[in-house]
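Q: In the working numbering, the protein residues as written are 342 to 769.
Take these hints with a grain of salt, some might be off.
Stated by the list, open to error - Pairs of lysine-lysine residues, derived as DSS-like cross-links and limited to a Cα-Cα distance of at most 27 Å, are as follows:
hint : residue 1 : residue 2
1    : Lys606    : Lys677
2    : Lys590    : Lys562
3    : Lys439    : Lys410
4    : Lys523    : Lys504
5    : Lys677    : Lys402
6    : Lys606    : Lys504
7    : Lys370    : Lys520
8    : Lys410    : Lys370
9    : Lys498    : Lys605
10   : Lys472    : Lys498
11   : Lys523    : Lys410
12   : Lys468    : Lys439
13   : Lys504    : Lys605
14   : Lys504    : Lys520
15   : Lys370    : Lys523
16   : Lys410    : Lys748
17   : Lys465    : Lys504
18   : Lys540    : Lys370
19   : Lys472    : Lys520
20   : Lys523    : Lys390
21   : Lys721    : Lys622
Source of the hints: derived by calculation from the structure; they are not laboratory data.
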Amino acid sequence: MSKSVYALIDCNNFYASCERVFDPQLRGKPIAILSNNDGCIIARSDEAKRAGVEMGAPEFKIRDLIKEKDIVLKSSNYALYGDMSRRVMETLRHLTPKVEPYSIDEAFIEFPKLIAKDLDRFGKEIKTTVKQWTGLPVSVGIAPSKTLAKIANETAKSNPQHKGVLNLVDNSQLDNLLKETKLTDIWGIGAGLSQRLFKEGIQNAFQLKQQVSRKEWVRNKLSVKGLRTVMELNGEPCLDIEHVGDARKGIMTSRSFGKAVTDKKDLSEAIAQFISIAAEKLRAQHSVASLLHITLRTNKYSNYKSKYKYGIEFPLQMPTANTSHLIKCGHACLDKLYQRDLRYKKAAVMLTGILPESEVQQDLFSKNNYTASEHNLMQKVDDINTKYGSGTTHFASTGIEKSWQMKQEHLSAKYTTQWDELAEIQVD
342 MSKSVYALID CNNFYASCER VFDPQLRGKP IAILSNNDGC IIARSDEAKR AGVEMGAPEF
402 KIRDLIKEKD IVLKSSNYAL YGDMSRRVME TLRHLTPKVE PYSIDEAFIE FPKLIAKDLD
462 RFGKEIKTTV KQWTGLPVSV GIAPSKTLAK IANETAKSNP QHKGVLNLVD NSQLDNLLKE
522 TKLTDIWGIG AGLSQRLFKE GIQNAFQLKQ QVSRKEWVRN KLSVKGLRTV MELNGEPCLD
582 IEHVGDARKG IMTSRSFGKA VTDKKDLSEA IAQFISIAAE KLRAQHSVAS LLHITLRTNK
642 YSNYKSKYKY GIEFPLQMPT ANTSHLIKCG HACLDKLYQR DLRYKKAAVM LTGILPESEV
702 QQDLFSKNNY TASEHNLMQK VDDINTKYGS GTTHFASTGI EKSWQMKQEH LSAKYTTQWD
762 ELAEIQVD
């Protein structure tokens with residue numbers, strides 16, 4: 342094989358499937374996953390889709406439907422979903438070295454050239470192995486480009502005859518499939534661009550593919566990005582597998598509160614909690630931050646106050662990953678931001694100006710250096726929380742009761758990240 346071959350692996354109904362792995366009684370039942378504060382529907386099982394549950398529907402508006410169709414509601418459990426995503430990605434890396442996580446439930450891979458003659462078998466092996474190792478069902482789309490792999494995956498997922506795996510390499514049915522593919526179903530083609538193409542008489546993926554004979558026209562009308570899409574539809578790969586191991590340039594933690602918060606103490610606890618989470622992520626990539634951003638938001642849909650967003654940037658004297666120091670700076674920001682007569686609905690913390698900790702020069706005259714003893718203390722805290730579960734060791738300033746936390750009345754256990762929430766099996 343002289344050319345590369347790609348595959349897109351996509352977990353089917355990822356959030357609902359994660360819930361089913363640890364609660365087999367949910368299999369076959371309609372499941373709907375709720376957003377933060379149990380507000381709107383953000384994910385559905387196939388059964389819930391067939392029952393008429395619409396994406397984005399506010400929970401309170403469909404309570405009659407939920408009761409009538411016996412739909413199981415689940416609060417979004419991001420600790421569980423994030424860890425299950427990690428397991429899927431690790432499984433894929435056991436099968437091939439070139440893996441590009443694309444989202445929490447999707448990844449592109451590049452096929453090893455040694456198995457080029459047996460792509461169908463390897464695709465089925467991926468599907469079977471991920472299911473065996475994680476319990477999650479996936480669909481696999483195989484093609485000579487990432488754009489075609491996306492189309493192959495959607496077809497494999499929606500058409501039962503493919504049994505979850507579709508290979509479009511040297512597939513005689515490719516053009517027929519592209520004729521059935523709407524422009525908006527092509528990776529990188531949005532609604533606006535689709536309308537422009539419609540005006541040019543281009544109505545499906547096959548017709549767009551044929552524009553390869555007019556490369557200059559495509560470049561002028563659709564830009565270089567559009568030309569890449571046309572080339573990819575013709576099986577000419579223009580998008581390689583990307584390395585995503587680089588450290589993040591910004592780390593944000595934000596949450597909506599379960600109820601409107603007016604008390605400064607509650608806001609102080611929330612800020613401390615969010616800083617703790619962000620700082621742990623910062624240390625995980627062996628980095629330090631130079632800037633701290635704090636944002637408070639009231640309910641933008643409320644008539645209580647027309648102005649609803651307040652933010653401040655706090656330059657740190659020395660780059661640090663010390664949670665204690667960052668919390669002190671965060672509370673200094675809160676002192677400037679807080680207004681007693683406002684009802685706050687959301688807070689956000691963002692760390693920027695991120696540098697590798699190895700590149701930081703210590704200041705002989707500064708009292709705010711990120712010292713070796715501070716680094717070791719933070720490492721011990723992280724080690725304990727990794728071993729015994731997130732939050733086992735935490736700063737007192739994050740609070741105890743945490744009445745401000747978002748509403749999660751249908752939250753399942755953190756089966757894979759908390760020792761005291763492991764699934765239990767009863768043996769007769």
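Q: For every hint, state whether the structure bears it out.
A: Evaluation of the provided hints:
| no. | hint | verdict |
| --- | --- | --- |
| 1 | Lys606 <-> Lys677 | 14 Å, holds |
| 2 | Lys590 <-> Lys562 | 33 Å, violated |
| 3 | Lys439 <-> Lys410 | 43 Å, violated |
| 4 | Lys523 <-> Lys504 | 22 Å, holds |
| 5 | Lys677 <-> Lys402 | 39 Å, violated |
| 6 | Lys606 <-> Lys504 | 55 Å, violated |
| 7 | Lys370 <-> Lys520 | 35 Å, violated |
| 8 | Lys410 <-> Lys370 | 10 Å, holds |
| 9 | Lys498 <-> Lys605 | 49 Å, violated |
| 10 | Lys472 <-> Lys498 | 15 Å, holds |
| 11 | Lys523 <-> Lys410 | 32 Å, violated |
| 12 | Lys468 <-> Lys439 | 17 Å, holds |
| 13 | Lys504 <-> Lys605 | 55 Å, violated |
| 14 | Lys504 <-> Lys520 | 22 Å, holds |
| 15 | Lys370 <-> Lys523 | 31 Å, violated |
| 16 | Lys410 <-> Lys748 | 24 Å, holds |
| 17 | Lys465 <-> Lys504 | 9 Å, holds |
| 18 | Lys540 <-> Lys370 | 44 Å, violated |
| 19 | Lys472 <-> Lys520 | 32 Å, violated |
| 20 | Lys523 <-> Lys390 | 21 Å, holds |
| 21 | Lys721 <-> Lys622 | 15 Å, holds |
Violated hints, in rising order: 2, 3, 5, 6, 7, 9, 11, 13, 15, 18, 19; the structure is consistent with all others.
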